[in-house]
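Peer 1: Chains A and B, in that order, give the protein sequences. In this text, residue positions in the first sequence follow our numbering: the first is 1, and each later residue adds one. In this text, residue positions in the second sequence follow our numbering: the first is 219, and each later residue adds one.
Just so you know, these hints were derived from the structure itself, not from any lab. Given the structure is predicted, the values throughout are model-derived calculations rather than measurements. A few of these clues could be false.
[Stated by the list, open to error] Straight-line Cα separation of at most 20 Å, SDA-like style, residue types lysine to any residue; simulated pairs:
{"hint": "1", "chain 1": "A", "residue 1": "12", "chain 2": "B", "residue 2": "283"}
{"hint": "2", "chain 1": "A", "residue 1": "12", "chain 2": "B", "residue 2": "369"}
{"hint": "3", "chain 1": "B", "residue 1": "365", "chain 2": "A", "residue 2": "175"}
{"hint": "4", "chain 1": "A", "residue 1": "147", "chain 2": "A", "residue 2": "72"}
{"hint": "5", "chain 1": "B", "residue 1": "230", "chain 2": "A", "residue 2": "42"}
{"hint": "6", "chain 1": "A", "residue 1": "12", "chain 2": "B", "residue 2": "291"}
{"hint": "7", "chain 1": "B", "residue 1": "230", "chain 2": "A", "residue 2": "175"}
{"hint": "8", "chain 1": "A", "residue 1": "12", "chain 2": "B", "residue 2": "262"}
{"hint": "9", "chain 1": "A", "residue 1": "147", "chain 2": "B", "residue 2": "319"}
{"hint": "10", "chain 1": "A", "residue 1": "12", "chain 2": "B", "residue 2": "287"}
{"hint": "11", "chain 1": "A", "residue 1": "147", "chain 2": "A", "residue 2": "159"}
[As the list claims (entries may be wrong)] Computed beta-carbon distance windows for the label pairs:
{"hint": "12", "chain 1": "B", "residue 1": "421", "chain 2": "A", "residue 2": "124", "range": "53 to 61 Å"}
{"hint": "13", "chain 1": "A", "residue 1": "207", "chain 2": "B", "residue 2": "422", "range": "50 to 58 Å"}
{"hint": "14", "chain 1": "B", "residue 1": "423", "chain 2": "A", "residue 2": "192", "range": "25 to 33 Å"}
{"hint": "15", "chain 1": "B", "residue 1": "363", "chain 2": "A", "residue 2": "13", "range": "16 to 24 Å"}
{"hint": "16", "chain 1": "B", "residue 1": "353", "chain 2": "A", "residue 2": "13", "range": "22 to 30 Å"}
{"hint": "17", "chain 1": "B", "residue 1": "421", "chain 2": "A", "residue 2": "192", "range": "31 to 39 Å"}
{"hint": "18", "chain 1": "A", "residue 1": "213", "chain 2": "B", "residue 2": "259", "range": "43 to 51 Å"}
{"hint": "19", "chain 1": "A", "residue 1": "213", "chain 2": "B", "residue 2": "291", "range": "49 to 57 Å"}
{"hint": "20", "chain 1": "A", "residue 1": "201", "chain 2": "B", "residue 2": "418", "range": "49 to 57 Å"}
{"hint": "21", "chain 1": "A", "residue 1": "210", "chain 2": "B", "residue 2": "425", "range": "40 to 48 Å"}
{"hint": "22", "chain 1": "B", "residue 1": "261", "chain 2": "A", "residue 2": "188", "range": "35 to 43 Å"}
{"hint": "23", "chain 1": "B", "residue 1": "335", "chain 2": "A", "residue 2": "57", "range": "43 to 51 Å"}
[Claimed, not checked] Far from chain B, some chain A residues (derived; all Cβ distances over 12 Å):
{"hint": "24", "residue": "75"}
{"hint": "25", "residue": "108"}
{"hint": "26", "residue": "144"}
{"hint": "27", "residue": "156"}
{"hint": "28", "residue": "195"}
{"hint": "29", "residue": "209"}
The C-beta atom is built at its ideal place from N, Cα and C for all residues, glycine as well.
There are 2 protein chains.
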Amino acid sequence: MAEAPSDRSTVKRYAERATYDRAAVHAVLDAGLVAHVGLRTDRGYPVVIPMVYGRRGGELLLHGSAASRLLRNARVPSVEVCATVTLVDGLVVARSTYNTDLLYRSVVVIGEAIEVRDLDEKRHGLEAMVDHLIPGRNADARQPTEKELRSTMLLRLPLTEASAKVRTGWPIDEEEDLALPVWAGVVPFRTVYDPPLPDPDLVHPVEPPPYLSPYAGP
Amino acid sequence: MAEAPSDRSTVKRYAERATYDRAAVHAVLDAGLVAHVGLRTDRGYPVVIPMVYGRRGGELLLHGSAASRLLRNARVPSVEVCATVTLVDGLVVARSTYNTDLLYRSVVVIGEAIEVRDLDEKRHGLEAMVDHLIPGRNADARQPTEKELRSTMLLRLPLTEASAKVRTGWPIDEEEDLALPVWAGVVPFRTVYDPPLPDPDLVHPVEPPPYLSPYAGP
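Pulled out of the complex, with its shape left as it was, chain A reads as follows (with noise of 0.2 Å):
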């Protein structure tokens, strides 16, 4: 099993759930849409930002205007952020108020924030996003033009300080709970696609592009 790569880095509660495996790490990114990213801004209180992602190896690409900003107002190269992605799998009804939890997946990711200037490293990293979130995409959308590049906010963030945590399986009640007449379980959660709908403005009479397909509905 792999070790954690810093103190800060390390899971602290319910610590057997935790992972410093890469492949563990990935998969949770992989599967999230969304990163709720934390950065203190120059007035001292956090803020927290959910931001779109890709993923490029062992780097989180996140479009990140307010960090962005933030960056360019201090004229410093890099900012220190964590990032968190969180997949909420269903509920865990346990027989006591008291353990009542979630299943989820979660990644913790904590370190310095580069922004992307370089264009062409921008166009990259754009491409990286737009594959997490529809992959396909990028073979038959319009790509970037330099002046949207110009303007793309993007930050990188190495995955070197990085954790997962995983509550899979059943409630985990108390020994003397267990023979009380009450139901207990788990309700397991799913994310489904509905069919696509297209654009009202859509001038040509396109279908769906075939790599929308597995959105269409289980």
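For chain A, the structure is supplied; the task is to place chain B on it using the hints.
Peer 2: Just chain B, lined up with the frame of chain A:
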């Protein structure tokens, strides 16, 4: 339309999607399950922790061990946090990769989180949390003992400085892209609940309670 309660809770980006209306903020919070709570650690860097929560009127109740530990270690009565809840409602499939987006609803709350220490208050807080996660469960699950209440770490966060942001509708494409021969539209997401799975340790062959039936799938 409600005004922003403070400068720091004013939405700057896509401000036209923002609202400070109490009912809109509550609606997003009530539909979510996990808040991503950002706080500054004693060593300065921010951490973002996923927490389950409940709402009681104009107050959020956070189940927050890390934040509570921070308060205890620092021996302070409150800590500045930012709690963000995001619901992803779909993909926005624009004609250009640059305008690729998500449909979402999000709420950002900034404020002083105060640790709840009074046992009765904790009891009510835990009830609010369970009511939020599994409405109806408080009626038949075992209620917390005093020992459990003592080890429950609960924070309350006023919803005074809160904003909601909602992205609905269609892709926002450039005028000159509208005639491109590429499909555009949205792919709506939904969370579905699969049938409850009984705990293998269930002693009595009880049926899942009726309040879990909305979870029985679409």
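Peer 1: All hints are to be evaluated individually against the structure, with a verdict given for each.
Peer 2: Results for each hint:
Straight-line distance between C-alpha atoms of residue 12(A) and residue 283(B) comes to about 10 Å, which keeps the hinted pair within the 20 Å bound. Distance hint between residue 12(A) and residue 369(B) is fulfilled; the C-alpha atoms sit about 16 Å from each other, no more than 20 Å. Under the criterion of a C-alpha separation no larger than 20 Å, the hint pairing residue 365(B) with residue 175(A) is consistent with the structure, at around 16 Å. Of the pairs offered as hints, the one joining residue 147(A) and residue 72(A) holds, with about 18 Å between alpha carbons and a cut-off of 20 Å not exceeded.
Using a Cα cut-off of 20 Å, the hinted pair residue 230(B) and residue 42(A) holds, with the two alpha carbons roughly 16 Å apart. Between residue 12(A) and residue 291(B), the direct Cα distance comes to roughly 15 Å. Compliance with the 20 Å bound is thereby established for this hinted pair. A distance of roughly 52 Å separates the Cα atoms of residue 230(B) and residue 175(A); the hinted pair therefore is violated under the 20 Å criterion. Restraint check for residue 12(A) and residue 262(B): satisfied, since their Cα atoms lie roughly 18 Å apart, inside the 20 Å limit.
About 18 Å separates the Cα atoms of residue 147(A) and residue 319(B), which keeps this hinted pair within 20 Å; it holds. With a C-alpha separation of about 11 Å, the suggested pairing of residue 12(A) with residue 287(B) holds against the 20 Å cut-off. The suggested pairing of residue 147(A) with residue 159(A) is violated, with an alpha-carbon distance near 29 Å, which exceeds 20 Å. Evaluation of the 53 to 61 Å hint for residue 421(B) and residue 124(A) yields a pass: the beta carbon distance comes to about 57 Å.
Under the hint 50 to 58 Å, the C-beta atoms of residue 207(A) and residue 422(B), about 53 Å apart, fit the expected range. About 31 Å separates the C-beta atoms of residue 423(B) and residue 192(A), a value consistent with the hinted range of 25 to 33 Å. Range check, residue 363(B) to residue 13(A): Cβ separation about 21 Å, and the 16 to 24 Å hint holds. Here the CB-CB span from residue 353(B) to residue 13(A) is close to 27 Å, well matched to the stated 22 to 30 Å.
The beta-carbon spacing between residue 421(B) and residue 192(A), approximately 34 Å, falls within the hinted interval of 31 to 39 Å. About 45 Å separates the C-beta atoms of residue 213(A) and residue 259(B), a value consistent with the hinted range of 43 to 51 Å. For residue 213(A) paired with residue 291(B), a C-beta distance near 52 Å keeps the hint of 49 to 57 Å intact. Between residue 201(A) and residue 418(B) the CB atoms are about 53 Å apart, so this pair conforms to the stated range of 49 to 57 Å.
Between residue 210(A) and residue 425(B) the C-beta distance comes to about 43 Å, which sits within the given range of 40 to 48 Å. The beta-carbon spacing between residue 261(B) and residue 188(A), approximately 38 Å, falls within the hinted interval of 35 to 43 Å. In this structure, residue 335(B) and residue 57(A) meet the distance hint of 43 to 51 Å, their C-beta atoms being roughly 46 Å apart. Listed as a non-interface residue, residue 75(A) keeps its Cβ farther than 12 Å from every Cβ of chain B; the least gap is roughly 19 Å.
For residue 108(A), the condition that its CB be more than 12 Å from all CB atoms of chain B is violated, with the nearest at approximately 7 Å. Residue 144(A), annotated as away from the interface, has a beta carbon of chain B within 12 Å; the closest lies near 5 Å. Even its closest Cβ contact with chain B, about 18 Å, leaves residue 156(A) beyond 12 Å, as expected for a residue assigned away from the interface. Not every beta carbon of chain B lies more than 12 Å from that of residue 195(A), the smallest distance being close to 8 Å; the non-interface claim is violated.
With a least beta-carbon separation of about 5 Å from chain B, residue 209(A) fails to lie farther than 12 Å from that chain, contradicting its non-interface assignment.
Of the numbered hints listed earlier, those contradicted by the structure are 7, 11, 25, 26, 28, 29.
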